[in-house]
Amino acid sequence: MIIALRRIGAFSLSSLAATGRACILLLQMIVNLPAVVRRYELVIKQLYRAGVLTLPVIIVAALFVGMVLALQGYNTLVDFGAESSLGLLLALSLSRELGPVLAGLLFAGRAGAAMTAEIGLMKATEQLAGMEMMAVDPVWRVLLPRFLAGVISVPLLAILFTAVGIIGGYLLGVNILGVDQGVFWATMQQGVDFQQDVMNGLLKSLVFGVLISLIAVFMGYDTSPTPAGVSKATTLTVVLSSLGVLAMDFSLTSMMF
Amino acid sequence: MTEAENLVVLTDIHLKRAGKPVLDSLSLSIPHNSVTAVIGPSGVGKTTLLELISGRLKPDRGYLLVDGLSVPDLGRRELFELRKKMGMLFQSGALLNDLDVYENIAFPLREHTRLPEPVLRQMILMKLELVGLRGARRLMPAELSGGMTRRVALARAIVIDPVMVMYDEPFTGLDPISKAIIVKLIRQLNSTLGMTSIVVTHDVHEAMQIADFVYMLGHGKVLARGTPEEIKNSQRDDVRQFLQGQADGPVPFHYHADEYLTDLMRTDSEKGGAV
Chain A
-13 MIIALRRIGA FSLSSLAATG RACILLLQMI VNLPAVVRRY ELVIKQLYRA
37 GVLTLPVIIV AALFVGMVLA LQGYNTLVDF GAESSLGLLL ALSLSRELGP
87 VLAGLLFAGR AGAAMTAEIG LMKATEQLAG MEMMAVDPVW RVLLPRFLAG
137 VISVPLLAIL FTAVGIIGGY LLGVNILGVD QGVFWATMQQ GVDFQQDVMN
187 GLLKSLVFGV LISLIAVFMG YDTSPTPAGV SKATTLTVVL SSLGVLAMDF
237 SLTSMMF
Chain B
4 MTEAENLVVL TDIHLKRAGK PVLDSLSLSI PHNSVTAVIG PSGVGKTTLL
54 ELISGRLKPD RGYLLVDGLS VPDLGRRELF ELRKKMGMLF QSGALLNDLD
104 VYENIAFPLR EHTRLPEPVL RQMILMKLEL VGLRGARRLM PAELSGGMTR
154 RVALARAIVI DPVMVMYDEP FTGLDPISKA IIVKLIRQLN STLGMTSIVV
204 THDVHEAMQI ADFVYMLGHG KVLARGTPEE IKNSQRDDVR QFLQGQADGP
254 VPFHYHADEY LTDLMRTDSE KGGAV
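Protein chains in written order, with the numbering used here: chain A, -13 to 243; chain B, 4 to 278.
Please note: incorrect hints may appear among the correct ones.
[Said to hold, decoys possible] With the C-beta cut set under 8 Å, the calculated list includes, among others, these residues of chain A facing chain B:
#	residue
1	Ile45
2	Thr111
3	Glu112
4	Gly116
5	Ala121
6	Pro124
7	Val125
[Claimed, not checked] One-sided excerpt, in silico: chain B residues whose CB lies under 10 Å from chain A:
#	residue
8	Lys23
9	Asp27
10	Ser57
11	Arg86
12	Lys87
13	Gln94
14	Ser95
15	Gly96
16	Leu118
17	Ala160
18	Val166
19	Leu226
20	Gly229
21	Phe256
22	Tyr258
23	Glu262
By construction, these hints were calculated from the structure, which means they are not laboratory data. Cβ atoms here follow ideal geometry from the backbone N, Cα and C, with glycine treated the same way.
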């Protein structure tokens, strides 16, 4: 009993300490922002690796999600004779929820894990220590470009996810299930509010981007420099950022809508 | 020796890690333009010493001067300025994996200077020539052998012309030829470029070959100091055990444990039966 209590205490303490270290890291990165503006090519390289290389996953996933939504939505709506609202259903669910959340989850699995593994390995092989010895701060040279790339990529990927998802739903709903093309777009145009739906979705994805990227670079930077440490950090990145995205989505949704 | 002759001075340094004293009232000094070897068995705090000198670790107590500056009291910016005068050769080389040999050596120059590309190229080729790897400039770190990796890392450590170079186990895991090359390079860099070198190693033979001064560490203290000749003639048992590589002696073969028979006869405890 005592041992169990002690474990809970130790776990809470170490989680709290880690959260604190992550916040300090975030501050350090913010302080270093001007330095990275001068070396923007570092960010561009990471944007390619984190953002562009995640595109195929996002596009394929979005197509399928859009088609599944159209299928399920049509089957339910047709009972009420409301299959004309299919376009609205797709646009709202994708732009408010599924776009930001799923893009975030996919980004965490595809790019976030890669960031953690890469930084963790650099630490394990003394590359970060070597940089420090050459009077180069790894926080701005290695971590900050990756963090910024994540923060920029996730909202863009979320928008793309929403757009491709709607196209997927359109292909299935209009071409195969026979919803009228004009009605499909018209209900969407009427029902979707730019400020309320699109911008809020974008804001969500921005928050997710900061969250995932911070977890990813922090886990890599904070890992114990062993093979077991790096693999644990990579797993933790995916688990924590996925749970974080879902929890954050709930709280943001309850405030926004 | 006075302060002016020494680049690095450590006085009465104490350091604990995980409750165990690693360095216990350690004092040593490293003169300008010399090759100083710090020898001793593994786990005796040799690498820790380099971490202290480079300011990656702070001592619990004691004074640590490098080039007249008290390292533990420096701010981050001053520390980085000081590190521009230091080169460090890591055991693993610590080359950046996503850059080729040329770009790895260019890295400190690109970060700290704004030299035009032709000047940069000349500086890099000069250092590569020095370590004999001018032909390997387009290889990636993964394609290099252990000895080559260390030579590239050495070229990178000296590309900004540091006052002092620290070598962390430069001979470990190398074949005899590569070892000989590194020995030759350390000596040569020291005399031609006038650098101060600190070599931390447990390879006694090589250390004696290159060093002007030798410190032998043990139990967090300096056990012996002097020229290689003086160390070789030391009468201390623990120094002789290390130099001659005997398995048992003042440094015991057995890690601290309970009495053997009692440990074997024990039936109560769990698997390990810790001390």
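Going down the list of hints, with the structure as the test:
no., hint, verdict
1, Ile45, "violated (27 Å)"
2, Thr111, "holds (6 Å)"
3, Glu112, "holds (4 Å)"
4, Gly116, "holds (3 Å)"
5, Ala121, "holds (4 Å)"
6, Pro124, "violated (11 Å)"
7, Val125, "violated (11 Å)"
8, Lys23, "violated (19 Å)"
9, Asp27, "violated (25 Å)"
10, Ser57, "holds (6 Å)"
11, Arg86, "holds (4 Å)"
12, Lys87, "holds (5 Å)"
13, Gln94, "holds (8 Å)"
14, Ser95, "holds (5 Å)"
15, Gly96, "holds (8 Å)"
16, Leu118, "violated (16 Å)"
17, Ala160, "holds (8 Å)"
18, Val166, "violated (13 Å)"
19, Leu226, "violated (28 Å)"
20, Gly229, "violated (29 Å)"
21, Phe256, "violated (28 Å)"
22, Tyr258, "violated (22 Å)"
23, Glu262, "violated (30 Å)"
The structure does not agree with the numbered hints 1, 6, 7, 8, 9, 16, 18, 19, 20, 21, 22 and 23 stated previously, though it agrees with the rest.
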